[in-house]
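Enquirer: Sequence:
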Amino acid sequence: MYTAGDAVEKAHDDGIWSVSWSGGRANRIVTGGIDQFVRVWNGDTLERVLEIEGHELGINCVSVNEDATVAVSTSLDSTVNVWNLESGVLLRSIKCGPEHRAWSAAICPKPTDGINTVAVSTHSGAVLFYNIDTGERVSELTTRGKFNQSIAFSPNAKYFAAGAIDGTLHIFSLGEDKKTYSILHKIEAHAMPVRGLEFSPDSELILTGSDDSIMNMYDVAQGNMIQSFSGHLSWVTSLAFNPKNSQFASGVIEQWESTFAFSCGIFYVQTCYFGNGGIRDRHTHTHTHLHGCTNILQWLLSVF
Numbered sequence: 001m002y003t004a005g006d007a008v009e010k011a012h013d014d015g016i017w018s019v020s021w022s023g024g025r026a027n028r029i030v031t032g033g034i035d036q037f038v039r040v041w042n043g044d045t046l047e048r049v050l051e052i053e054g055h056e057l058g059i060n061c062v063s064v065n066e067d068a069t070v071a072v073s074t075s076l077d078s079t080v081n082v083w084n085l086e087s088g089v090l091l092r093s094i095k096c097g098p099e100h101r102a103w104s105a106a107i108c109p110k111p112t113d114g115i116n117t118v119a120v121s122t123h124s125g126a127v128l129f130y131n132i133d134t135g136e137r138v139s140e141l142t143t144r145g146k147f148n149q150s151i152a153f154s155p156n157a158k159y160f161a162a163g164a165i166d167g168t169l170h171i172f173s174l175g176e177d178k179k180t181y182s183i184l185h186k187i188e189a190h191a192m193p194v195r196g197l198e199f200s201p202d203s204e205l206i207l208t209g210s211d212d213s214i215m216n217m218y219d220v221a222q223g224n225m226i227q228s229f230s231g232h233l234s235w236v237t238s239l240a241f242n243p244k245n246s247q248f249a250s251g252v253i254e255q256w257e258s259t260f261a262f263s264c265g266i267f268y269v270q271t272c273y274f275g276n277g278g279i280r281d282r283h284t285h286t287h288t289h290l291h292g293c294t295n296i297l298q299w300l301l302s303v304f
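Numbered by my numbering, the letters in the sequence shown go through residues 1 to 304 in order.
Among the clues, some could well be false.
[As the list claims (entries may be wrong)] Simulated pairs of lysine-lysine, DSSO-like, Cα-Cα distance not exceeding 27 angstroms: (1) K179 x K158; (2) K95 x K110; (3) K146 x K95; (4) K110 x K186; (5) K158 x K146; (6) K158 x K186; (7) K146 x K179; (8) K179 x K110; (9) K10 x K95; (10) K158 x K110; (11) K146 x K186.
Bear in mind the hints are in silico, worked out from the structure with no lab data behind them.
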């Protein structure tokens, strides 16, 4: 069973493409919209605490660090901006260079030797790693020219994954310095682009979502598929595990034939029960929200 929590009507003037939640003591939700704004919300009250403007085109991706002091945003204008979340001040713009066009970003959850790192995926297939505090590029990895539409660090910061436009999933092992890497697995995960990517809280599983409407779960260490989930009717664009590792939620984009109808976001909660023998059972719950996909929804999930 699940219940819907609070909602913010018209959180953005256009669609929200990315949401990042810091959790922790600060408890901030950061949203990025096609209206070119980055907005920061109190995770407890859903009160808007900050509005940031600085991109010339819509926001592709936002990523916030654990203590909610810094956020990184990427835009359709190919810029990567680092923001102070207390003041809204632009700390720096990271230049990826003319050969790269930035798409998504992911902040590493654990600093190394005091250095905070952000990964940026590009249309060229390269994933670029930067020192958030200086904007200096510290490392680069390649997936052989495949545009990566989704990237993620594992919570323990030992792994990094990239989901490509051709459906390929790459899983890398990161060195202690977070500057070196080695590929663990190259998996032909989907027949279409991988738009959603999420590690489990214990860093042992990774979940992929694709334009083929399928979600696949893999064992990170072995690269084996554990389970495939179907039932969506359109692109799976976002995924999230709950902290207890027992559930995950998936978000999709529904497509309408009528040019006069606006799309709605449909969120599914796949409840997975884990045991020594793997997944024993699963259930699907569905909820639809309208308002042109511009709402922020909080979900209270529970298993009985």
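Enquirer: So, for every hint listed, does it hold in this structure?
Expert: A quick look at each hint next to the structure:
1. K179 x K158: holds, 12 angstroms
2. K95 x K110: holds, 23 angstroms
3. K146 x K95: Answer holds: K146 to K95 is near 20 angstroms, not above 27 angstroms.
4. K110 x K186: Holds, because 25 angstroms separates the two Cα atoms, which is no more than 27 angstroms.
5. K158 x K146: holds, 23 angstroms
6. K158 x K186: holds, 17 angstroms
7. K146 x K179: Distance of about 21 angstroms is within 27 angstroms: holds.
8. K179 x K110: holds, 13 angstroms
9. K10 x K95: violated, 32 angstroms
10. K158 x K110: Roughly 10 angstroms separates the two Cα atoms, so the pair holds.
11. K146 x K186: holds, 12 angstroms
In summary, the one numbered hint that this structure violates is 9.
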